[in-house]
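Chemist: Heads up: the sequence lines are chains L and D, in that order. The numbers in the numbering used here rise by one with no breaks, and the one at position 268 of the first sequence is 268. The numbers in the numbering used here rise by one with no breaks, and the one at position 206 of the second sequence is 1206.
Keep in mind that the hints are not guaranteed to be accurate.
[What the hints assert, rightly or not] Ranges between beta-carbon positions, derived for each pair: (1) L:Ala321 <-> D:Gly1171: 41 to 51 Å; (2) L:His241 <-> D:Ala1279: 36 to 46 Å; (3) D:Arg1313 <-> L:Arg75: 52 to 62 Å; (4) D:Pro1145 <-> L:Thr214: 29 to 39 Å.
[What the hints assert, rightly or not] Derived list of chain D stretches under chain L, where covered just means 3 residues or more per stretch with a C-beta under 8 Å from a C-beta of chain L: (5) 1138 to 1151; (6) 1154 to 1163; (7) 1166 to 1179.
Hint data in this document are derived by calculation from the structure and do not stem from the laboratory. All C-beta atoms, glycine included, are put in the ideal place defined by N, C-alpha and C.
Listed below, chain by chain, are the residues.
Number of protein chains: 2
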Amino acid sequence: MLIANTDFPRLDGTRCLVMGGGGFLGVHLANALIRQGAVVRAFGRSLANPNELDERVHWSCGHFEDPAAVAEAARGQEIVFHLLSGSVPGHPGQKPTSDLETSVLGTLRLLDICNVAAVRRIVFASSGGTVYGPTDRYPIPEAAPTDPMSAYGVGKLAIEKYLALYHHLYGLEYFALRIANAYGPLQSPLKRQGVVAAMLDHALAGKPLEIWGTGEIVRDFVHIDDVVSAFLLAATYDGPHRVMNVGSGTGLSINQVASDIEAIAGTGHLERIYRAGRAADVPVNILDISLITRETPWQPQCAWHDGLRSTARWMAARQSARLV
Amino acid sequence: MLIANTDFPRLDGTRCLVMGGGGFLGVHLANALIRQGAVVRAFGRSLANPNELDERVHWSCGHFEDPAAVAEAARGQEIVFHLLSGSVPGHPGQKPTSDLETSVLGTLRLLDICNVAAVRRIVFASSGGTVYGPTDRYPIPEAAPTDPMSAYGVGKLAIEKYLALYHHLYGLEYFALRIANAYGPLQSPLKRQGVVAAMLDHALAGKPLEIWGTGEIVRDFVHIDDVVSAFLLAATYDGPHRVMNVGSGTGLSINQVASDIEAIAGTGHLERIYRAGRAADVPVNILDISLITRETPWQPQCAWHDGLRSTARWMAARQSARLV
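With the hints as constraints, model all of the structure from the sequences given.
Modeler: Listed below in structure tokens is the structure:
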């Protein structure tokens, strides 16, 4: 868990709405906002880990596609953290039309609601792992070309452009954080949320590790506490940059992740099942994080092996609890 | 009118669909495709100039939002030219949500239909005047940052990204032409289609010229025949570039356009009414056309004063016909 730090802004009494507040990032962020003194409402379809959400967070169960419910949640809010997505990156059955309707169109409706509700600022969870698409320049700076290979990525990019438009037309303040592959406690191993959670779950149960493609694709893994820190800083950042990468700045192959998980879980070498690669998977994704580290006090604080170890402990406890 | 030229590909028997075939660019393009030997269907809400459409063009009246009508039009087509937009650039009452629903979502439905119909290639009319947004680097190359200031521009950019996605996921060939400010015969002076048509119409009627802002904004005016030529070449281009600018490569201020129109219309100095500037208007837009001139035989053929003169003749004839 994130330790409240003098580098992070106090948000005493600031009314914050976390859209997608029942999810992996949402619960961590809502709790962190509470620790900084904010008055927090979390909105989402469902709350995967009810016991993990700070009891001071006001939980609103609702659908993103229900404008009345969203308007009710947004009323009186000062900062809106928008973490909702319509689809899952790389899902083979992804339909660009349905992603556009739920994610992008839903976001524009949210922005219209924020305008009416006089929300001051919106902080958007964009996707550093998908908006850039294939590139041979690493690490990837924010100014790199953006050629997403998934409906998820195109939707995230389109939302960034619409945020800039709403800022231009209506003065709505926004910041978009292009997040790398987040991992950590509360990430579900079952919902395609992340390869770390899925492989840890299998490893701790002694099951084979499933790997998409050859396992040689490289990703930038960033601990959820570091992602949350970036959102806290974006809540009060007032510099000129609207879009910033949030990652570790380093890359690990999926095979390396598998080996590190075997070592930390103490399983020895597990069977690996290699499945067909996915069209949405770029070969390498490593984010250049020099902008956010220059513009804010943010630094990735959680080293990979430490983060993986604490995540493994959480996952082991989760499995034990399920067995009881 | 475009003169059939050996530089342009013959399209004998090729089945072509022009989405938006009843509009300014659509009629010119459909007629040119006929001259190149194609079998042409034009689809649109309405046909502004029925007498101008070559009688060999099969006209289909339908709404873009009607998937059954679009599917019927797309059946058996080899190349689809997509010229439809949901909104008008810079319209003050623009709602990003409605533009997204009609233009972007409608286009994804069209792409799904094209996939089912086994269409080989889609050539998309993107917008060089709006996708880039403000910049201080002129002329603007295709690789420049894209930060649109209008819902129209964000929609065009999002469609380009979705075209790339459909190409990646489903193999649909596409080319996107980022067109500057097109002008020429058949452009309506009444539908915010272009400042040249609107000012010519007023000048020839001896009415004051209406100018948004100070008239010092600079635009890249390209004659409709040159735009049509670019579409013909994009129909068979098979090089590596998917997105190309189409403009004159030079800029004119709106005040300069007004003076040129006064000179060509022989009106002497007309009263100018300056209206409030529009949020969507970038100060300068001049496209770098070196990519398309390098990759294809395309060159802008129609010099500004010649194009303006022939457009003025057409507009004068239009006004006379209305008076009869």
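Chemist: With a C-beta cutoff of 8 Å, work out whether three or more residues of the segment 1166 to 1179 of chain D approach chain L closely enough for the coverage to hold.
Modeler: With 3 residues in contact (Cβ-Cβ under 8 Å with chain L), the coverage given for the segment 1166 to 1179 of chain D holds.
Chemist: Within 41 to 51 Å: is that where the Cβ-Cβ distance between L:Ala321 and D:Gly1171 falls?
Modeler: 47 Å, holds
Chemist: A range of 29 to 39 Å was offered for this pair. Does it hold for the Cβ distance of D:Pro1145 and L:Thr214?
Modeler: About 34 Å separates the Cβ atoms of D:Pro1145 and L:Thr214, which means 29 to 39 Å holds.
Chemist: Apply the coverage criterion to the segment 1138 to 1151 of chain D and chain L: a residue qualifies when its Cβ sits closer than 8 Å to a Cβ of the chain, and three qualifying residues are needed.
Modeler: holds (count 8)
Chemist: Given the hint of 36 to 46 Å, is the C-beta distance from L:His241 to D:Ala1279 inside that range or not?
Modeler: Between L:His241 and D:Ala1279, where Cβ atoms are some 22 Å apart, the hint is violated.
Chemist: If you check the beta carbons of D:Arg1313 and L:Arg75, does the distance land in 52 to 62 Å?
Modeler: Given range 52 to 62 Å: holds, Cβ gap about 59 Å.
Chemist: Has the segment 1154 to 1163 of chain D got at least three residues whose CB is nearer than 8 Å to a CB belonging to chain L?
Modeler: holds (count 5)
In terms of the numbered hints stated before, the structure departs from hint 2 and from no other.
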